[in-house]
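Protein sequences appear in the order of chains A and B. Numbered by this note's numbering, the letters in the first sequence go through residues 1 to 251 in order. Numbered by this note's numbering, the letters in the second sequence go through residues 252 to 678 in order.
Honestly, the hints are just simulated from the structure, not real lab data. Incorrect hints may appear among the rest.
[To be verified] Straight-line alpha carbon distances no greater than 27 Å define the calculated DSSO-like cross-link-like pairs of lysine-lysine that follow:
1. B:Lys519 x A:Lys109
2. A:Lys108 x B:Lys476
3. A:Lys170 x A:Lys204
4. B:Lys536 x B:Lys365
5. B:Lys500 x B:Lys455
6. B:Lys337 x B:Lys365
7. B:Lys536 x B:Lys595
8. B:Lys324 x A:Lys170
9. B:Lys481 x B:Lys453
10. B:Lys643 x B:Lys627
11. B:Lys365 x A:Lys144
12. B:Lys334 x A:Lys170
13. B:Lys455 x B:Lys554
14. A:Lys170 x B:Lys365
15. B:Lys337 x A:Lys170
16. A:Lys114 x B:Lys519
17. A:Lys64 x A:Lys74
[Said to hold, decoys possible] Just a sample of chain B residues kept apart from chain A, beta carbon distances all over 10 Å, derived:
18. Gly614
19. Phe620
20. Lys634
[As the list claims (entries may be wrong)] Across the chosen pairs, the derived CB separations fall in these ranges:
21. A:Tyr115 x B:Thr552: 53 to 59 Å
22. B:Asn327 x A:Gly140: 20 to 26 Å
23. B:Glu625 x A:Glu51: 41 to 47 Å
24. B:Asn327 x A:Glu65: 49 to 55 Å
25. B:Asn327 x A:Arg139: 19 to 25 Å
26. A:Ile240 x B:Thr261: 18 to 24 Å
27. A:Glu107 x B:Val255: 29 to 35 Å
28. B:Ser313 x A:Gly110: 36 to 42 Å
29. B:Thr552 x A:Glu250: 47 to 53 Å
30. A:Lys40 x B:Met303: 53 to 59 Å
31. A:Glu107 x B:Thr552: 35 to 41 Å
32. A:Lys170 x B:Ile318: 22 to 28 Å
33. A:Glu75 x B:Glu496: 52 to 58 Å
Idealized CB from N, CA, C, for every residue including glycine.
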Amino acid sequence: MIKIAVYGKGGIGKSTTVSNVAAVFASQGLRVMQIGCDPKADSTVLLRHGEKVETVLDLVRTRKENFTLEEMVKEGFAGVCCVEAGGPSPGLGCAGRGIIAALEILEKKGAYEKYRPDVVIYDVLGDVVCGGFSMPMRRGYADKVFVITSGENMAIHAAANIAMAVENFKDRGYAQLGGLILNRRNVKNEDAKVEELAEDIHSKVIGTLSRSALVTDAEEQKKTVIEAYPDSEMAEEYRILAGKIRTLCEI
Amino acid sequence: MKQVSVTLSTYTADVSGVCSALYELGGMVVIHDPSGCNSTYNTHDEPRWYDMDSLVFISGLSQMDAIMGNDDKFINDIVRAAKELKPCFIALVRTPIPLMTGTDFEGIARVIEKQTQIPVFYFPTSGMQSYVSGAGMALETVARELVLPTNANGHFKENGIEIENVSNELSVAYTKKKNQQKLNQSEQKQIENTESKQSNSKIKINILGATPLDFSVNSTLDSIKEFLSKHFEIISTFAMGSSIEDIQKAGEADVNLVISSVGFPAAKVLEERFSTPYVIGTPVKGFAGIIAEKLIDAAWTGKSQAAYFSVTSSGKSISRATNGIYIIGESVISQSLKAAMALKQGIDATVICPLETEPEYIGENVLLFSSEEEIKAAIAEAKTVIADPIYKTICADETNFIALPHEAFSGRIYRKEIPNLMEWVTI
Chain A
1 MIKIAVYGKG
11 GIGKSTTVSN
21 VAAVFASQGL
31 RVMQIGCDPK
41 ADSTVLLRHG
51 EKVETVLDLV
61 RTRKENFTLE
71 EMVKEGFAGV
81 CCVEAGGPSP
91 GLGCAGRGII
101 AALEILEKKG
111 AYEKYRPDVV
121 IYDVLGDVVC
131 GGFSMPMRRG
141 YADKVFVITS
151 GENMAIHAAA
161 NIAMAVENFK
171 DRGYAQLGGL
181 ILNRRNVKNE
191 DAKVEELAED
201 IHSKVIGTLS
211 RSALVTDAEE
221 QKKTVIEAYP
231 DSEMAEEYRI
241 LAGKIRTLCE
251 I
Chain B
252 MKQVSVTLST
262 YTADVSGVCS
272 ALYELGGMVV
282 IHDPSGCNST
292 YNTHDEPRWY
302 DMDSLVFISG
312 LSQMDAIMGN
322 DDKFINDIVR
332 AAKELKPCFI
342 ALVRTPIPLM
352 TGTDFEGIAR
362 VIEKQTQIPV
372 FYFPTSGMQS
382 YVSGAGMALE
392 TVARELVLPT
402 NANGHFKENG
412 IEIENVSNEL
422 SVAYTKKKNQ
432 QKLNQSEQKQ
442 IENTESKQSN
452 SKIKINILGA
462 TPLDFSVNST
472 LDSIKEFLSK
482 HFEIISTFAM
492 GSSIEDIQKA
502 GEADVNLVIS
512 SVGFPAAKVL
522 EERFSTPYVI
532 GTPVKGFAGI
542 IAEKLIDAAW
552 TGKSQAAYFS
562 VTSSGKSISR
572 ATNGIYIIGE
582 SVISQSLKAA
592 MALKQGIDAT
602 VICPLETEPE
612 YIGENVLLFS
622 SEEEIKAAIA
632 EAKTVIADPI
642 YKTICADETN
652 FIALPHEAFS
662 GRIYRKEIPN
672 LMEWVTI
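Isolated chain A (complex conformation) (with noise of 0.2 Å):
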């Protein structure tokens, strides 16, 4: 079992970049887990036409323990296994203690070992703001962290702190960096800045992802590009990126 987590700015498009990626996987033959890490929780919307999972937190706050793996863990686009951390209610609680109790609870029902994932992908909400958000790439969780940028500042200062991030922490055995995934917004120079941070961060751009209007179109019937349009050059871009990552991560 492969784990991996992707970080980045918040609404550069990791969750449908992550769903794209764990469709390519399920449609290869591979068991995939995708766990959304956002109080949003709707990392896993498109791989379940919209329908939404009910989040392991929201289970906790209404059951306690009492509910069962079924329960939590929903099955989604060629039998992806989608589970939703959740979170508090806007403005209230704390966001990165919920992931950090989620994915405990999650551990504890022993989801990886009944599922059987041969690759799980937590997708990360933002930057790495408190330990909560780091959790997905503590020991035991994440093997490779992928970090999804564009050109734009914001997104590379965002991707540039994640990176140190998982820099700091190489001595307490956390996930390792395996590269950056360019989303592009067509900014200026854009190749050219994420080339710049690879190269700062020690790191490589392993992917690219053009900006595609099949994307949205895909998002508005509530799918994948990999199920909307499985014919499209942006399918094929998802299916490169995939098989980059397969190779990467040894899966």
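With chain A held as given, fit chain B onto it using these hints.
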């Protein structure tokens, strides 16, 4: 309102349980906390504090440390202290604040271990569970990490698997455990047991689950050991009155005796690692003989068992049942007292256990109640209640109350009145 206690005390928490279990083993215990946990521990939960040295510290976690995540300060303080004090191991104990901030103890332990070359263990306590949970996980770690593979003719074995290049260093057990291989070794254990008996030597035992929180620091443990040593060779006691060297040899035992719920996890680990069976029961007056019999039986058959089941569950030994007698307290000790009463007087008492315990070792007439409301309702019409004196406050006036002070419940208030359980007669 079930969790509200109007007059009752609370049991010692898991944080103090870890400290209590590790107190005599030569490690350095660090509670990651501003200070309150340590003062609770040394003031209320640790009778050995002024008479016996031990390295128990708090980290002095400040508000800014918690907000800013100053893990480096925590790490550096521990590394500096460890290099000066050279403990056998370092224990990191979690409290509610680092629980809420999500401190990465596993990662921190790894860094400290790398910098000090001393084994570091992390105990995920929360301050929300009782000492049974904390002391239990501490002794479980001792059993898993500090007990060395057994030495047979110069070869070190664990579950029958020979382990190469083992030196007599404490850290060896720790590093080797990662490569443990599981093997059902019960048959071989039986053969070894048979050979052991044939050589006419005493059956070797460990006593598991001894902390002052259950047994205080009176003469109870000495009496238990004196009794057991007449029939058995005691390798070690987890973890009072035994050196770390004794504990390291615990894998040589033929059978383990679990004298409180605190000892369950360690017994299971030693069974898993060395195929050593265990017997559950506290040698109290009137029941110790049964325990000796069961220890011999388990050593021969290799089967783990609760000694009190032979008395209380079958009902065969109870000639006349008497309702209305309740024992409130820790599961193993209380069920052993119940068994002693059944054996001696034919009385079938009801046990109320407000603490964590192993469900598989709960006998008949044992109620798992933890709230004051439930306990008060259960004993409303009791003829006799045997419990810590604080429970008298929820008994009816006409109830015959027999005080059995429990250090983990009333601390030092009634310490002088805690009886020697090997001499104490209930009713």
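Hint numbers not upheld by this structure, sorted from lowest to highest: 2, 4, 21, 24 and 26
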